[in-house]
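Chains as they are written, first to last, in the numbering used here: chain A, 83 to 189; chain D, 710 to 829.
Calculated cross-link-like contacts (lysine-lysine; reagent style DSS-like; alpha-carbon spacing at most 30 Å):
(1) A:K124 - D:K752
(2) A:K186 - A:K132
(3) A:K121 - D:K761
(4) A:K132 - D:K774
(5) A:K124 - D:K774
Because the hints were derived from the structure by calculation, they are not lab data.
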Amino acid sequence: DVQMTQSPSTLSASVGDRVTITCRASQDIYTWLAWYQQKPGKAPNLLIYKTSALESGVPSRFSGSRSGTEFTLTISSLQPDDFATYYCHQYNSYSTYSFGQGTKLEI
Amino acid sequence: EGQLEESGGAPVQPGGSLRLSCAASGFSLSDYWMGWVRQAPGKGLEWVANLKQDGGEEYYVDSVKGRFTISRDNTRNSLHLQMRRLRVDDTAVYFCARLGFNSLGAFDIWGQGTTVPVSS
Chain A
83 DVQMTQSPST LSASVGDRVT ITCRASQDIY TWLAWYQQKP GKAPNLLIYK
133 TSALESGVPS RFSGSRSGTE FTLTISSLQP DDFATYYCHQ YNSYSTYSFG
183 QGTKLEI
Chain D
710 EGQLEESGGA PVQPGGSLRL SCAASGFSLS DYWMGWVRQA PGKGLEWVAN
760 LKQDGGEEYY VDSVKGRFTI SRDNTRNSLH LQMRRLRVDD TAVYFCARLG
810 FNSLGAFDIW GQGTTVPVSS
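Whenever a hint applies, use it, and build me the whole structure from the sequences.
This is how it looks when you write it as structure tokens:
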């Protein structure tokens with residue numbers, strides 16, 4: 083099974099900052115990586131799929147990239163609405179999906 | 710664009726059974742792979758199961774294999790999760806989610822979740 087190691091677990095930042103969150107896959111998942119944002123008491127919301135494709139309606143300050151088995155979510159200029167928990171998700175095969183442990187982005 | 714709404718969550722004792730349902734609206738369930746994801750209190754997301762459009766392929770995380778069964782009724786636009794031999798560590802909010810076309814398999818629509826507390 084593919085293990086996803088996400089870091090950091092907590093990230094403190096300020097409005098206007100540029101932040102990056104990283105996920106490393108235990109094996110090659112090609113570009114089958116998504117990122118979600120989750121706010122307390124709510125369902126996750128898809129931000130990025132296939133490593134770098136922005137879901138419809140998601141602001142362009144969110145971007146994704148890949149280097150081998152390491153994937154990065156970047157928020158170019160933090161807005162107040164961005165403080166939430168973020169998860170990476172590998173979906174290389176329908177038979178075995180998995181998520182990273184999550185990154186709580188706090189002020 | 711489409712919505713999902715889960716139901717069926719309720720307190721249950723260890724060893725008990727429960728059936729969750731997920732009603733889809735605004736799209737045809739029969740066109741999509743569907744899945745269940747859970748989240749234990751204060752913890753991260755855990756994928757539970759996926760099911761193909763025609764029900765011909767189903768996959769599970771190891772911890773629920775042999776205990777949980779994912780199924781669908783495309784005529785009623787509904788998805789189900791039958792849970793048996795429940796354990797305390799199955800306590801979680803259970804989300805149903807759609808594997809999107811445009812997202813090429815990422816979960817693009819989620820329900821609001823239904824809570825399953827397993828406790829004696």
